[in-house]
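For the protein sequence lines, the chains are A and B, in the order given.
Everything in the first sequence is counted per the numbering used here, starting at 100 for the first residue and increasing by one.
Everything in the second sequence is counted per the numbering used here, starting at 117 for the first residue and increasing by one.
Keep in mind the hints are simulated off the structure, nothing from the lab.
Do not rely on the hints blindly, as some may be mistaken.
[What the hints assert, rightly or not] Listed next, the stretches of chain B that the computed footprint assigns to chain A, with coverage defined by at least 3 CB atoms under 8 angstroms from CB atoms of chain A: (1) 310-320; (2) 324-332; (3) 335-342.
[Unchecked claim] With a straight-line cut-off of 35 angstroms between C-alpha atoms, the simulated DSBU-like cross-links for lysine-lysine are: (4) A:K228 - B:K316; (5) A:K228 - A:K133; (6) A:K272 - A:K228; (7) A:K133 - A:K272; (8) A:K133 - B:K316; (9) B:K316 - A:K272.
All residues carry an ideal CB built from backbone N, CA and C; glycine is no exception.
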Amino acid sequence: MALLEVDDLRTYFTSRRGDVKAVDGISLAVERGKTLGIVGESGCGKSVTALSIMGLLAPNARVVSGSVRFEGRDLTELSDRELEDIRGRQIAMIFQDPMTSLNPTLTIGLQLTETMRRHLDMSRDEARKRAIELLEEVHIPNARARLDDYPHRYSGGMRQRVMIAMALSCSPKLLIADEPTTALDVTVQAGILDLLEELRDEHEMSMIIITHDMGVVAESADDIAVMYAGQIVEQTNAEELFDHPEHPYTEALLGALPQVEDENVRQGRLTAIPGRPPDLVDLPDACRFAPRCPYASRNDSCTAKMPELRELRPGHLVRTAHPASERQGAPVPAAAP
Amino acid sequence: MVLNPQNEELRELTVGREREDGSFEAGAAINQTSLWRDAARRFAHNRAALVAMFAFLLMLAYVVIVPFVVPYDPNAVNFDIAYVNPTWTHPFGTDEFGRDLFLRTALGGRISIGIGFAGTVAIMVVGILYGAISGFVGGWLDNAMMRFLDALYGLPYLPFAIITLAIFGTVNFWTMVIALTIASWFTTARVMRGQIITLKENDYVRAARAVGARWHRVLFRHLLPNTLGVVLVFVFLELPGVVLGEAFLSFLGLGINPPQSSWGSLAQDGYTQYLSHPYIIVIPSVAIAWLILSAFFIADGLRDALDPRTESAA
Numbered sequence: 100m101a102l103l104e105v106d107d108l109r110t111y112f113t114s115r116r117g118d119v120k121a122v123d124g125i126s127l128a129v130e131r132g133k134t135l136g137i138v139g140e141s142g143c144g145k146s147v148t149a150l151s152i153m154g155l156l157a158p159n160a161r162v163v164s165g166s167v168r169f170e171g172r173d174l175t176e177l178s179d180r181e182l183e184d185i186r187g188r189q190i191a192m193i194f195q196d197p198m199t200s201l202n203p204t205l206t207i208g209l210q211l212t213e214t215m216r217r218h219l220d221m222s223r224d225e226a227r228k229r230a231i232e233l234l235e236e237v238h239i240p241n242a243r244a245r246l247d248d249y250p251h252r253y254s255g256g257m258r259q260r261v262m263i264a265m266a267l268s269c270s271p272k273l274l275i276a277d278e279p280t281t282a283l284d285v286t287v288q289a290g291i292l293d294l295l296e297e298l299r300d301e302h303e304m305s306m307i308i309i310t311h312d313m314g315v316v317a318e319s320a321d322d323i324a325v326m327y328a329g330q331i332v333e334q335t336n337a338e339e340l341f342d343h344p345e346h347p348y349t350e351a352l353l354g355a356l357p358q359v360e361d362e363n364v365r366q367g368r369l370t371a372i373p374g375r376p377p378d379l380v381d382l383p384d385a386c387r388f389a390p391r392c393p394y395a396s397r398n399d400s401c402t403a404k405m406p407e408l409r410e411l412r413p414g415h416l417v418r419t420a421h422p423a424s425e426r427q428g429a430p431v432p433a434a435a436p
Numbered sequence: 117m118v119l120n121p122q123n124e125e126l127r128e129l130t131v132g133r134e135r136e137d138g139s140f141e142a143g144a145a146i147n148q149t150s151l152w153r154d155a156a157r158r159f160a161h162n163r164a165a166l167v168a169m170f171a172f173l174l175m176l177a178y179v180v181i182v183p184f185v186v187p188y189d190p191n192a193v194n195f196d197i198a199y200v201n202p203t204w205t206h207p208f209g210t211d212e213f214g215r216d217l218f219l220r221t222a223l224g225g226r227i228s229i230g231i232g233f234a235g236t237v238a239i240m241v242v243g244i245l246y247g248a249i250s251g252f253v254g255g256w257l258d259n260a261m262m263r264f265l266d267a268l269y270g271l272p273y274l275p276f277a278i279i280t281l282a283i284f285g286t287v288n289f290w291t292m293v294i295a296l297t298i299a300s301w302f303t304t305a306r307v308m309r310g311q312i313i314t315l316k317e318n319d320y321v322r323a324a325r326a327v328g329a330r331w332h333r334v335l336f337r338h339l340l341p342n343t344l345g346v347v348l349v350f351v352f353l354e355l356p357g358v359v360l361g362e363a364f365l366s367f368l369g370l371g372i373n374p375p376q377s378s379w380g381s382l383a384q385d386g387y388t389q390y391l392s393h394p395y396i397i398v399i400p401s402v403a404i405a406w407l408i409l410s411a412f413f414i415a416d417g418l419r420d421a422l423d424p425r426t427e428s429a430a
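Assemble the whole structure, with the sequences as input and the hints as a guide.
Written out as structure tokens, the structure reads:
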């Protein structure tokens, strides 16, 4: 049994125009000690998936159906109180913007020890000692002295390290990192990713990394799920995904990556995906990527009926009528943006 | 940026020199300031606020100290010295019963300012609790609490206080405080609700909840301490309102009973003779204006000082 099993999860937001289907029937599994990457562009439901797992949805969002099984327990059926005991202790989360994720009026030490004293029943002194160890573990120099500093005296990268230390303080079994490097300088990003990987192995955690950056998951994920408009469109292990991408959207995402090595590509412009994602309130029964898909023609079956998520090869799921390995001839060129 | 002598990376970046004992001396002094020290610095650069603060403290000193040093009995009647104009022995003159006004103004100030502070504290407690609960819980409760507040807002301020006093049946220091509090806690509650709702959306609140913090932790650790600046400003905005409200009620004869007096009742004593002995009404009026103006300027200075975006004072 996997550590976390999400089955047919649907999370909708209430709005004046109707339900916004932010997450619309996704199934995931995170194995013990492995990292799952969830990739997709803004608004595709990555973060809402994470918040649904954590039970931290905004008041106007609700889990409509599906289950989130963590060690066999369905988190969607737990009370708030039971969830609070799991959050931080069993499942921890780090957020995108480290500059605003720490309370400016409390010292780093206080915010770090707070979690441990809450979940582990530690005394003040024990928690302080552990907090220093944690800061050292995330490579904050001179941790003892920095413990009583306020957040404004930490840089962005250091704050993200503190957030990681805080998330790890109770040795959770699962760490969800929602765009952990997006708000950071490029030079700091690699360091944070390395740190996450190092700590995952050390603490024998599982991890979910949510990102829009294929480069991030390439580096750190074992399995990857590509999301588009609230659904999973392709899911397989990292190697397979990068070597044999099947879904046109995945191909387009990989094509949009800057290629530094290739002199010819470097001269040209980055490839963008034409069009926009669909309106999540009013979705037709069709492939959601069809309007932007270079392979879908007007009277295709995929514009009249939603393709199922099918297992193209063992362990390689894809939701499209036009996977790369079934295409014949040259692809229809994408419309110019 | 933070410079730490033990931090290797930063040591290279600073223009500085090693001391003989191996410790490190940065080339330029780096001020490590906190929000509050920053605010204090900005406040100190605001001349109007500083003068107001001085005036405010001077008034406090006057009402606290004078009754201990002036040798007269505040309530002793002596018609021989009635209506004495201000002189060295009676700096503010005497009233129709020959009572020293320098002393009675100070004693009246004790009551006026005392009611002012007690009322402000009560308004803060009620307003913060009400606003924080409303904003924190949200949903239908928030809606119900705010509509109730809207209804109260419609009631005129002073008649509301007068009716409350009538219900109590007696007027003394504490019934006055309660009546004025009941009539004027609404704005604080509204502002607090707004503050809490804004703060609730902060990432660090979500982050705290993501590590399992319960509601009381979130409210008392992460939300309320962040409203302290606004609360401080509101203390100095509400204080003049309460003082003025008390003065108004006392002037109408609905306030503190004689022989006790407040600034309002002192002014009322004087208004029948404002042509022959104008100082009797002018002195308590000036005292009221003095306190209110200085409090407003302090509130203004605090607001500027606590908002890092205002650069005018710095």
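To see whether the hints hold, each was checked on the structure:
Using a Cβ-Cβ cut-off of 8 angstroms, 3 residues of the stretch 310-320 of chain B lie near chain A, which meets the minimum of three, so the contact claim holds. Coverage of the stretch 324-332 of chain B by chain A holds [criterion: at least 3 residues with CB-CB distance below 8 angstroms; count 7]. For the stretch 335-342 of chain B, the assignment as covered by chain A holds, since 4 residues bring a beta-carbon within under 8 angstroms of that chain's beta-carbons and 3 suffice. Of the supplied pair hints, the one linking K228 (chain A) and K316 (chain B) holds, its CA atoms being roughly 31 angstroms apart against a limit of 35 angstroms.
The straight-line distance between the Cα atoms of K228 (chain A) and K133 (chain A) is roughly 29 angstroms, inside the 35 angstroms bound, and the hint therefore holds. For the given pair, K272 (chain A) sits about 22 angstroms from K228 (chain A) by alpha-carbon distance, which is consistent with the 35 angstroms threshold. In summary, the hint linking K133 (chain A) to K272 (chain A) is supported, as the alpha carbons are separated by about 11 angstroms, within the 35 angstroms threshold. About 34 angstroms separates the Cα atoms of K133 (chain A) and K316 (chain B), which keeps this hinted pair within 35 angstroms; it holds.
Restraint check for K316 (chain B) and K272 (chain A): the C-alpha separation of about 28 angstroms stays at or below 35 angstroms, so the hint holds.
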